[in-house]
Every structure is written in C-alpha cells, then in structure tokens.
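Undergrad: Protein sequences, first through last, are from chains W and V. Sequential numbering of the first sequence, starting at 1, is according to the working numbering. Sequential numbering of the second sequence, starting at 1001, is according to the working numbering.
Worth flagging that the hints you see were computed from the coordinates, not collected in a lab. The reader is advised that the hints may include incorrect statements.
Claimed, not checked - Computed spacing ranges between beta-carbons, pair by pair:
| no. | chain 1 | residue 1 | chain 2 | residue 2 | range |
| --- | --- | --- | --- | --- | --- |
| 1 | V | 1108 | W | 259 | 46 to 52 Å |
| 2 | V | 1079 | W | 255 | 31 to 37 Å |
| 3 | W | 240 | V | 1062 | 22 to 28 Å |
Said to hold, decoys possible - If you only want the chain V side, here are some residues facing chain W, beta carbon under 7 Å, derived:
| no. | residue |
| --- | --- |
| 4 | 1039 |
| 5 | 1043 |
| 6 | 1048 |
| 7 | 1052 |
| 8 | 1079 |
In this text, a Cβ means the ideal position worked out from N, Cα and C, and glycines have one as well.
Chain by chain, the residues:
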Amino acid sequence: MVRTFPGTGLFHAPGTVLFERVKQPVLALALWDRTTGYIQGLTYVAAVLALHAVADPADAFAVAVSRMRARLARPLGHGTAGSRDGGMPEGSNPSSRLASSGSSARPRIDDGALATFRMLAVLTRQPMLLRLLRVDPVAIASYSSALDEALRAADPELAARLARAGVTADLFFYGWAQPLLVRSLPLRVAMRVWDGLLCLGTPFLFVAALAVLRCLRPVLMAASDDDCMAVVTGGSFSTGFRGAAWRRVTEATILAALRKPSLKAATHRAIVEMEAHMPQPLPPLPPPRLRAPAPTPAESTRRSAPAPSSTASLVQLAQRSVFGSLT
Amino acid sequence: MAAASSSVDDAYDYLFKLVLIGDSGVGKTNLLSQFARSEFNLASKATIGVEFAWKNVTIEGDVIKAQIWDTAGQERYRAITNAYYRGAVGALLVYDIAKRVTFDHVEAWLKEVREHADSKIVVMLVGNKSDLSQLRQVSTDEAQELAKREGLAFIETSALTKSGVDTTFSRILEEIHRIVKEQELDRGDDDAAAVVADGEAVVVDDDKADAKAPSGGCCK
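Starting from the given sequences, assemble the full structure and let the hints guide the process.
TA: Quick look at the structure:
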C-alpha cells in the first residue's frame, strides 16, 4: 500500500478512507478469486477505482466500468453487476446484504469500498487483465510479440531501432499493461488511456502502448541501446534522463498519438483476433454471494479495519461467508 | 574516452549482466538506483516486471559495463522474471536485515537461481537496510554462516545511506572479472563457455550495429 502512488501520500495511512477503500477491495478480491490471489499492481488499479468510487451507481465512471461486462467472453456468474444496491447479487436474506442501507445493528460497509470492489471485480474479469494478473507466461509472451508486431506495422523505423537495441516488448509490456498504465504514467495521462480502455476494452492497451512509444520516440531514436532499455523499463516516476523521456508523455502528446486512426483500428482488430484464439483464463467464478454471515469466535479476532464511521470491514464480511466458500 | 554524455554506448572491455533478486520490499530497486545514479527513494513504487540500469566501472584497467536487471520480488512474478536470469554472470540475492522472513526465503531464491541461471553464476548475499540496526532480526553472524555454507560472498548494505553499496557491486564485478581473466588464460579449454553464458554475457568487442564509433580501448 505504501508503494501505491508513493508521491501522493493518499493511500498510506491505515484507517484513512482511501487506504481502506483500496486495501479492503483488493483483499476481498483475493479471497473471492483465490486463483489470482493478491498481486502487486492491483493496488494501482484499485486506487484509481477508489478515487472514482462514489455511492451513486449512476456515476459515469461506475457505469463505464460496469458496461465493460458486455464485452466479457464469460460473464461474471449470473449476477447483475449494475444492480442498484451495490451491483452484486443479493442473498436470500435481504437484510444481511453487503450494502450500506442495512439497519444500524448490521455491519455497514463503506460505500466507497463497496463501489471500488464492485468495479474491481468487473474489471478483473476481463480475460486479458486476468491473464496478466495471473502471470500466465504463455499469454504474456503472445501479448508481447503482438505488440512487437503492431509496432513494426505502425512505425517500422522505431521498431527496427528497438530491435537493434534488443528491446522487445517482453521486457516492458507486462510492467506497463498489468497496472493498466497507471504505474508508468502520471495519473492524469493514464486517465486519458482509461477513457479508451473503458470504451473499447482491454485491446486498447496495445493502442495505448503504441501511443506511449510514439511519445517516447524522439528519445528512443537518439539514445544508446542500453538507455533505450532503461527508458522503456522506467516510467514517469523515474529520475534523470529516464524521467525526462517519460515527461514527453503528456495528455496532449498521448491524445495526439492516439488519434492516428489507421493504427488504432488495425491494432485493435489484430488483438481481438488473437485473443479469440486464446484459451479462456478461467471458468467463471460464481458471483459473490452476500448471505449468511455466521461469524465464528476465531474470526472476530481477524483484522478489524479502523474504517471510518464505524463501518465494518469488507474483508471481515468476505472472510466470514461471502466469498470464502466459493472457490 | 571521447564520449559526450553518459547516454552514449561507451567503449568497454567486458559486458557483465547482473540480476537483483530477493523478496519484495527488501530494497533491490534502491540498491540499483544508488549504484547507478546515487539516488534513494524512501517510497519507491513496487517493481512490476523488471527495471534496467547500467553503469561502467573500471577494474584493473578494464572497462566493465555492468548491465543490471532489477526484478519484481513478489513470488507470483517468478513465472516471468526467471527468464531474465539467462546470460547473467552474477546475482545479488538481497534480503532485509530487519525482516526475518526475507532471510528465510534466501534458500528458495538460491534454488531458483541455480535452476534458471548458469551453474557458474556468481551469487552474493546482500543484507540490506543495515541502517535499521535497532530493528535487526537477522544477525550478521547467522547470514555469514549461511553464505559460507552455500559458498556465497556476503555483505551488509544500506541503500539509504549508500553504505556498502558501491563495495557490493565492485566486489561481485571484480570476482566475475577475476574468473573471466582466469578463463582467458586457460583459453582452449572449452570450460570458458560456462561463464560466457549463451555467448552474450561477456563481450570483448562491441559489435553492435549502431555503436557510436568507440574511441579506442575497446578491442583487445
């Protein structure tokens, strides 16, 4: 957590709203999808979601994320991600649902944490992101060579320069893509990429990666082989000449690079085509059920998150019954 | 050297590839940034995938280019990070002296290296965060003992204060340099191929297509 957006200080203090809104959804997700479990990088994605998490399910960002479901090869169980009280299927006992509107005797979940979890659950069911989060080496190799190929088509000169330097996408694509470019780019710039990501789905990551390379191009063309390698494995957080290179990736430059239509359509098509032939990363998980919290004495000693306004910990509830028995 | 800036491929006599491995959060990225750029960042981002840096150092008159791959420490990433061991002639296996569990995992990391890297790779055990002496959970003696048992060099460092950092890198590079020199003397003995792993670890002549007209000192 401390290493998520370290520059901002927003997510560092246990007990603060944003800290819990990232930690709890990430842990709850790890419990729900135990095959994926916890992986570094997910906190970046969760942090962005938490910043956008508001109680209103009609919020534009939440809607955009939940609409990504339409593109899922296999949907998230039979649940309805957009349902009014938190987007998750209700249990048989409505009064024990994981929503904020329960009676005061029931544990309350912070709306923001719940909204974050809801979005995180939807987003991480995207097959591409799931393969990345599960560190599937075969898929990662395919994605990397697909980016190499897309670059050769889009910018043969830069592709040739990187190839001479021994810089292939398998050295950097994972680090860029798995946190959905949030680690590499300043947040404002990354959000420009997310606009496309939410509208067009995860294949847009490749278009975005080409756009980033386009912005870095002047540096990469001039740098030594080793410096090319150092630049692409760095990010906007880097210092020195690497940081200077990444400062070329601004809202203006990335939007300009993203506007190249031919590149966008061809790359998108190629990735969609490739993904269609990949094995599905998982059988669908059952939707997180929200019923029958039957706390055992041992569980009451579990982590009690000092969440704001005496709300219960999403993780506590998750551990009791919600997700634990499902996978 | 007539190199105009550090971003030019300088001439060098040897190219040594090193990898930084060890548990997440032990300070690998800061060790690298201290060595390569004299920088330390208390709240650096967790590494996802790999980071890369390089630095030239001179050992006994030879210019050594050290290419250093800093890998993500979380166990989940091993499926992709062990590919970076290929061609490495040295590994810095880092643990946190103030976090016992990172030391307990040293044997597992060793196994990982020995499985995926060349058998003659030089491994150095590095106890980082020596500035946190009041929180120490791993004694120097104990680490020394493990290093001795496993045949590793050992050092304690602080990426925060830079104490021991340069020594760490120069010691492992000197050791590799010594081995390579010995092998050069024994040339003809096919064993030399062992450390010159995959033909890419040790480069005596910079034959890269775009090498910027080395100003001498490159070819032996």
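Undergrad: All hints, please: hold or fail.
TA: Verification of the supplied hints:
| no. | hint | result |
| --- | --- | --- |
| 1 | V:1108 to W:259: 46 to 52 Å | holds (48 Å) |
| 2 | V:1079 to W:255: 31 to 37 Å | holds (35 Å) |
| 3 | W:240 to V:1062: 22 to 28 Å | holds (26 Å) |
| 4 | 1039 | holds (6 Å) |
| 5 | 1043 | holds (3 Å) |
| 6 | 1048 | holds (5 Å) |
| 7 | 1052 | holds (4 Å) |
| 8 | 1079 | holds (5 Å) |
The structure shown violates none of the earlier numbered hints.
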